[in-house]
Each structure stands twice: as C-alpha cells, then as structure tokens.
Amino acid sequence: EPEVTQTPSHQVTQMGQEVILRCVPISNHLYFYWYRQILGQKVEFLVSFYNNEISEKSEIFDDQFSVERPDGSNFTLKIRSTKLEDSAMYFCASSVGTANYGYTFGSGTRLTVV
Amino acid sequence: DAKTTQPPSMDCAEGRAANLPCNHSTISGNEYVYWYRQIHSQGPQYIIHGLKNNETNEMASLIITEDRKSSTLILPHATLRDTAVYYCIVRGQAGTALIFGKGTTLSVSS
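Those protein sequences? They're chains A and B, same order as listed.
Sequential numbering from 1 applies to the first sequence in this note's numbering.
Sequential numbering from 1 applies to the second sequence in this note's numbering.
Please keep in mind that the hints were generated in silico from the structure rather than gathered at the bench.
Where a beta carbon is used, it is the ideal one built from N, C-alpha and C, also for glycine.
Misleading hints may appear alongside valid ones.
Covered by chain A, according to a simulated footprint, are these stretches of chain B (three or more residues, beta-carbon under 8 Å) [stated by the list, open to error]:
hint	stretch
1	41-48
2	96-104
For lysine to any residue, the following SDA-like pairs were computed, each having C-alpha atoms within a straight-line distance of at most 20 Å [unchecked claim]:
hint	chain 1	residue 1	chain 2	residue 2
3	B	3	A	56
4	A	42	B	96
5	A	42	B	52
6	A	42	B	66
7	A	42	A	84
8	A	42	B	82
9	A	42	B	7
10	B	3	B	82
11	A	42	B	41
12	B	102	A	19
13	B	3	B	49
14	A	57	A	79
15	B	102	A	58
16	B	3	A	58
17	A	42	B	23
18	B	102	A	39
19	B	3	A	59
20	A	42	B	42
21	A	42	B	40
22	B	102	A	40
23	A	78	A	44
24	B	102	A	2
25	B	3	B	96
26	B	52	A	99
27	A	83	A	61
28	A	83	A	19
29	A	42	B	10
Please model the entire structure based on the sequences and the hints provided.
Listed below in structure tokens is the structure:
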C-alpha cells in the first residue's frame, strides 16, 4: 500500500536554528498538507498546498514557516528560527483530491527544540 | 474549530462491536463526514467517510442519520489494536482542510 514518507523521524535542534522537515507524498496525489501535534494536545492544521502554491493556512503558519515542493517528489516544511514552543510531532499528508477523498498521513517527525 | 461533538472516552470489550457516536447538527448539504483514528502518537489513519448514505469498508461501517445531524462509526469486532483516539470530522467545501477536534478515546480490553 502506498505510503507518505517523512524524514527524519526525530530531529533535535537548537533554539533559533533553521530546520527543514521532509516528506515524500504518494506519487499520484496532488494535494499536500502539514499538521503538527504538541505533546498531549490535538492535531493542528498548518497549511495545504496545491499546484505549487499555498491554498490554505492556519494562524499558526506565520512568517517563520514556509513550504516548498522543490522537485516532483518532495514536499518540505521549513521553520526559519525555531522556538521552544515549536517542539511537536509534525505530520505530512497527501490526497488525490479534496472533498470526497481521504488524506494519507505520514508517521511524523518529532521535532525537539532545546 | 471542529463542528462535531464526540464523547471524550468509551470502553469496549474485545470481540464486541464498538459504536462511536458523533453529533454534527450544523452540517450543511455539501459537507462530508470523515472518520480518522490515531493510535498512540502515530500519524492519523483514514477510516471511512460519507455524505448521506451509509458506507462500509474493510475497517468499519458508517451510519449517517437521515437528517445528517449525527452519525455512528461501527467497528464490528473490536480488537486490542483498535484502541486509539477516533476523530469525527466534517469536511467543508472542496479545498478546505481537515480540522481535528479532541475525538473519542476508545479503550478495547480483553
């Protein structure tokens, strides 16, 4: 069964450093998403991406965040200057379409900011 | 914010059917009902979705009331591996993202 692959599984970074989280969506999917989950809290939507541009974003997704699809397979989330409160699980997801399609989530990257 | 209401927790005996309710009284005509689950801190897993008809797949059945104001996810024979947080989500218009609420923590015990 096709999977969404995320790397690394765990990343530790110093506060103020830039970090890039990587995702390989399912190959025939057209819509891409990033979510995060702070420990013990609910899964929060960050951003959706379609046709090489952001289609929707939440209030969490401020100027410190950016997304990119640098080639035909990768989808990345960059945090420019990490803060302690950015520590969370970050999940990438992809889908074939929108309203009548489910998302496939990756297994996540645990980001720890120290 | 999520447009659904779910009980915070439920228990189920292994081998029995687990029936997870969800209220979505403000659902509009073009909105789908989606169910996902999250086992421990893994990525959410898609289970099933529907618009107005009942749906069944290899994982579960989804029963949507005729007025579409509520639905029930049925796991016909729950196993210990079904212990997870189950999320009922009403998906907006095409292109809008899935928004997760707090879900129902289902505990399956032997």
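So, going through the hints one by one against the coordinates:
no.	hint	in the structure
1	41-48	holds (count 6)
2	96-104	holds (count 8)
3	3/B x 56/A	holds (18 Å)
4	42/A x 96/B	holds (18 Å)
5	42/A x 52/B	violated (27 Å)
6	42/A x 66/B	violated (30 Å)
7	42/A x 84/A	holds (18 Å)
8	42/A x 82/B	holds (19 Å)
9	42/A x 7/B	holds (15 Å)
10	3/B x 82/B	violated (24 Å)
11	42/A x 41/B	holds (11 Å)
12	102/B x 19/A	violated (28 Å)
13	3/B x 49/B	holds (15 Å)
14	57/A x 79/A	holds (15 Å)
15	102/B x 58/A	holds (18 Å)
16	3/B x 58/A	holds (16 Å)
17	42/A x 23/B	holds (19 Å)
18	102/B x 39/A	holds (13 Å)
19	3/B x 59/A	holds (18 Å)
20	42/A x 42/B	holds (13 Å)
21	42/A x 40/B	holds (12 Å)
22	102/B x 40/A	holds (10 Å)
23	78/A x 44/A	holds (17 Å)
24	102/B x 2/A	violated (28 Å)
25	3/B x 96/B	holds (14 Å)
26	52/B x 99/A	holds (14 Å)
27	83/A x 61/A	holds (14 Å)
28	83/A x 19/A	holds (11 Å)
29	42/A x 10/B	holds (18 Å)
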